[in-house]
Amino acid sequence: MNIRSVFFILGKIILLVGLLMLVPVAVALIYREAIWLTYLAVAASTIAIGAICSQLKKKKLTIRAREGIAIAGLVWMLVSFFGALPFYISGEIPSLVDAVFETVSGFTTTGSTILSDIEALSHASLFWRSFTHWIGGMGVLVLGLAILPGDDTQSMHIMRAEVPGPTVGKLVSRIRVTARLLYIIYISLTLLEAVFLLIGGMPLYDSIVTSLATAGTGGFAIKNASIAAYDSAYIDAVITAFMLIFSVNFTLYYMILLGQLKTAIRSEELRWFFGIVVAATVLITINVLPLYSGIFEALRYSSFQVASIISTCGFITANYDLWPTFSQAVLLLLMFIGGCAGSTGGGIKVYRVVVICKTAFANVRRQLFPRSVAPLKHEGKLLDDDIKNGITGYMFTYIAIAAVSVLIISLDNVSFAESFTAMVACLNNIGPGLGKIGAVGNFGDLSILSKIVLIFDMLAGRLEFFPMLAMFYPATWKKG
Numbered sequence: 001m002n003i004r005s006v007f008f009i010l011g012k013i014i015l016l017v018g019l020l021m022l023v024p025v026a027v028a029l030i031y032r033e034a035i036w037l038t039y040l041a042v043a044a045s046t047i048a049i050g051a052i053c054s055q056l057k058k059k060k061l062t063i064r065a066r067e068g069i070a071i072a073g074l075v076w077m078l079v080s081f082f083g084a085l086p087f088y089i090s091g092e093i094p095s096l097v098d099a100v101f102e103t104v105s106g107f108t109t110t111g112s113t114i115l116s117d118i119e120a121l122s123h124a125s126l127f128w129r130s131f132t133h134w135i136g137g138m139g140v141l142v143l144g145l146a147i148l149p150g151d152d153t154q155s156m157h158i159m160r161a162e163v164p165g166p167t168v169g170k171l172v173s174r175i176r177v178t179a180r181l182l183y184i185i186y187i188s189l190t191l192l193e194a195v196f197l198l199i200g201g202m203p204l205y206d207s208i209v210t211s212l213a214t215a216g217t218g219g220f221a222i223k224n225a226s227i228a229a230y231d232s233a234y235i236d237a238v239i240t241a242f243m244l245i246f247s248v249n250f251t252l253y254y255m256i257l258l259g260q261l262k263t264a265i266r267s268e269e270l271r272w273f274f275g276i277v278v279a280a281t282v283l284i285t286i287n288v289l290p291l292y293s294g295i296f297e298a299l300r301y302s303s304f305q306v307a308s309i310i311s312t313c314g315f316i317t318a319n320y321d322l323w324p325t326f327s328q329a330v331l332l333l334l335m336f337i338g339g340c341a342g343s344t345g346g347g348i349k350v351y352r353v354v355v356i357c358k359t360a361f362a363n364v365r366r367q368l369f370p371r372s373v374a375p376l377k378h379e380g381k382l383l384d385d386d387i388k389n390g391i392t393g394y395m396f397t398y399i400a401i402a403a404v405s406v407l408i409i410s411l412d413n414v415s416f417a418e419s420f421t422a423m424v425a426c427l428n429n430i431g432p433g434l435g436k437i438g439a440v441g442n443f444g445d446l447s448i449l450s451k452i453v454l455i456f457d458m459l460a461g462r463l464e465f466f467p468m469l470a471m472f473y474p475a476t477w478k479k480g
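Residue numbers (this note's numbering): 1 to 480.
Read the hints as simulated data drawn from the structure, not as lab findings. Careful, some of the hints might be misleading.
Straight line, CA to CA, 30 angstroms or less: simulated DSSO-like cross-link-like pairs of lysine-lysine [as the list claims (entries may be wrong)]:
#, residue 1, residue 2
1, K223, K436
2, K358, K377
3, K358, K388
4, K262, K377
5, K388, K262
6, K262, K358
7, K388, K377
Model the full assembly from the supplied sequences, consistent with the hints where possible.
Next comes the structure, spelled out in C-alpha cells:
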C-alpha cells in the first residue's frame, strides 16, 4: 500500500468537496440566511485539510487495485463526515450521528432521512442535501477524475472501485476523457429536467433542487409531502420520465450522440429494464384502480412510484403503505432490482438480475438435457467466468450483510417489515421502506446502533460492498 499516493488523492477530492460547499454559501447569501457563515467556515476548513493532504505525495504516484479500493472507501467516508458538519454545527441537525446519516444518505443517493420537518431547514441546507445527491450520483471520484488534472494511466483502478455495475468500460481510450463525457451528458440532462419543471410552473429554486435530486436518483425532496406537494400531473410525468432516464446506462446516451441509436435500442439490459417497468406499472395500476377515480389517475400514481422505486430515487406522490399488499410486494421486488449498470441508480442492477435468471434457466436445462451445450450470453457476448464469479461473490456478500443488518435493526423492537425494508432501503440506496420508515415516515426514531449499521449499509451498497469491506481487511494496509 502506497499511503502517500492514497493521501494525495484523498486530499484532492476533499479539497474539491470543500470548493463545492461554497455553492450553498452562495444560496444562503441569496436568501439572506445567517447559515452562510457556517458553510463558509466548514468549506474553508475542508479546503485547507485537502490542500495539506495533497502535498504528501512522493514524486511517483502509485495507484494499483489495492490503492484504488482504499481510496474509494476512505473518500466516501471522509466526504460524508465533512459534508455533515454544516448540518451539525448550525444545529439544524443537532445529533452528529443523525447529521452523518443524512449526509451519507445524500452522497450515496439513498434518500433516507431522519428529518420529520424537512421544510424547517434553511434554503442552503436543502440545496446542499440535494447537491450531495448530484455529486454522489455519478461518483465523487469520477467527478474528481473529470475535473482535476492528473495522470490517466492509473485512473482505471479508481474508477473501477467506485462505478456501480459488474463491469466498467471506457467510452473512449482515456479514462479522464470518459469521465468528462459522462459529466457533460449528466449536466445536460439535469438542466433539461430543470427547464421542463420550470415550464410546468415549478419555482426556479424548487426546479433546480428537484432536478439535482432526480439526476442522482436520490430523492431528497424540499417539501414534507415530497413531490405530492405540487399536486401536478405534468410535474409527476416529467419527474417519472427523468427518473427512468437517469436509471439507464449512460454509455447508451453516448452511443446515441454518435448516431448509433439502433445499437443502443438493441441493448438487452435496456429492454429488460423497460419490460420490468411496464409490467410492474400495469400490475399495480390494475391492483390500485379501486382506490382512485379512474384508470388515468391510477396510472399516474402507479407509474411514478414504479419509476421512483426501480430507479432507487425514492420520491413520493402517494402513500403506498395504504395500497394493497400485492402492490407493496411488487414495489419490494423492484427495490432489489434497481437501475441499469452504469447509471446513477442503485440496487442489485438489472444486468445482474438478467444473468442470474439466465444462469438458473441454464442449470435447469442442464439437468433436463445433460449432454446439451448452451453457452451463457448477455448482450450477444459470451459471459466469462470472471463476471459470473463476480456476480456470485456479490450476491453472497449481499445476503450476508443483509442478514446481519436485519438482526441488529430488529433489536429496536420494530416490526419485521420495518427492520427488513429499512435494510433494503439503505443497502439498495432507495430511501423509504414500509411502515414507520415508509412513504410518510422517517428513520429518526431508530437507535444510534441501527443508524450506524444503516450508514454502513448505504456506503457498502453504493460502492457494491468490497471497498467498504476492504477497510476492515488488514492486508489492505500492508506496505508493498
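Evaluation of the provided hints:
At roughly 18 angstroms between alpha-carbon atoms, K223 and K436 fall within 30 angstroms of each other, so this suggested pair holds. Among the hinted pairs, K358 with K377 is consistent with the structure: their alpha-carbon atoms are about 8 angstroms apart, no more than 30 angstroms. For the suggested pair K358 and K388, the alpha carbons sit about 11 angstroms apart, so the restraint of at most 30 angstroms is met. For the hint linking K262 to K377, the alpha-carbon distance of about 20 angstroms falls within 30 angstroms, and the restraint holds.
A hinted pair counts as satisfied when its Cα atoms are at most 30 angstroms apart, and K388 with K262 qualifies at roughly 28 angstroms. Restraint check for K262 and K358: satisfied, since their Cα atoms lie roughly 24 angstroms apart, inside the 30 angstroms limit. About 11 angstroms separates the Cα atoms of K388 and K377, which keeps this hinted pair within 30 angstroms; it holds.
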